[in-house]
Amino acid sequence: MTSTHQSFLFDVTDAEQFIYECVSPYTMTSIERIISLTRAVQYVIQNNFPGDFVECGVWRGGSMMAVALTLMDLGVVDRQLFLYDTFSGMSQPSSHDQQFDGTPAATLLETSPRDSHVWADASLEDVKQNVLATGYPTEQIRFIQGKVEDTIPQVMPSEICLLRLDTDWYESTKHELLHLYPRLVKNGILIIDDYGHWQGAKTATDEYFAQQTPAPFLHRIDYTGRLVVKI
Numbered sequence: 001m002t003s004t005h006q007s008f009l010f011d012v013t014d015a016e017q018f019i020y021e022c023v024s025p026y027t028m029t030s031i032e033r034i035i036s037l038t039r040a041v042q043y044v045i046q047n048n049f050p051g052d053f054v055e056c057g058v059w060r061g062g063s064m065m066a067v068a069l070t071l072m073d074l075g076v077v078d079r080q081l082f083l084y085d086t087f088s089g090m091s092q093p094s095s096h097d098q099q100f101d102g103t104p105a106a107t108l109l110e111t112s113p114r115d116s117h118v119w120a121d122a123s124l125e126d127v128k129q130n131v132l133a134t135g136y137p138t139e140q141i142r143f144i145q146g147k148v149e150d151t152i153p154q155v156m157p158s159e160i161c162l163l164r165l166d167t168d169w170y171e172s173t174k175h176e177l178l179h180l181y182p183r184l185v186k187n188g189i190l191i192i193d194d195y196g197h198w199q200g201a202k203t204a205t206d207e208y209f210a211q212q213t214p215a216p217f218l219h220r221i222d223y224t225g226r227l228v229v230k231i
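Under our numbering, the letters of the sequence shown match residues 1 to 231, in that order.
These are calculated hints, taken from the structure and not from any lab test.
Below 25 Å or equal to it, Euclidean Cα-Cα: the simulated PhoX-like pairs (lysine-lysine) are:
{"hint": "1", "residue 1": "K174", "residue 2": "K230"}
{"hint": "2", "residue 1": "K174", "residue 2": "K186"}
{"hint": "3", "residue 1": "K186", "residue 2": "K230"}
{"hint": "4", "residue 1": "K147", "residue 2": "K174"}
{"hint": "5", "residue 1": "K147", "residue 2": "K128"}
Distance windows between CB atoms, simulated:
{"hint": "6", "residue 1": "R114", "residue 2": "H197", "range": "17 to 23 Å"}
{"hint": "7", "residue 1": "D222", "residue 2": "S112", "range": "20 to 26 Å"}
{"hint": "8", "residue 1": "C22", "residue 2": "Q212", "range": "33 to 39 Å"}
{"hint": "9", "residue 1": "T151", "residue 2": "Y223", "range": "25 to 31 Å"}
{"hint": "10", "residue 1": "C22", "residue 2": "S123", "range": "17 to 23 Å"}
{"hint": "11", "residue 1": "M72", "residue 2": "V155", "range": "20 to 26 Å"}
Since we're looking at a predicted model, the values are computed, not measured. Built from N, CA and C at the ideal position, the CB exists for glycine as well.
Based on the sequences and whatever the hints tell you, model everything.
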């Protein structure tokens, strides 16, 4: 981090900095989003909210690694972690899916090499190796392979205390909210990673919450991340 950036992060603890450094090779998210995630984990555990931890779109597993490391710091190893991903890169985008500057996602995929961050391609074996290296109990970690439109609602926990959505596209985000948000417990945490970066994720989120009364407040984590406390 630059000194200027560090000056805005004076409240980050040594433990949080350590977790970020451990997981940063395995995530594309900012330190602000990782710290927000770890503090959300602390919040749901300290308040003893029931439910499991769910992430849709995991890339190399860095965010769920941060969840696992935080849980273990709190002495908690009895919550299940659900990781949903194709484990073969991005699915086909729709016309809704454009970058913040209006560039179609399809164009970015077509013009980017397969190993670029745009494709977010990581194998199941790679993700398993990374997440299991945290030491969190293997039997508490579930890897669900396939498009979320194909695996949800067939496989999902009965209660969720923290739901992190990072599949970028309109169709997948809308599907996740439709099926998973109702299972997020009262006062549980929803994190939308790409609300500011991908127009499809923003549109899906806005459309879904337009049907909610009252609509929740979307707290800005950084330019793209948003956080909701379910009321």
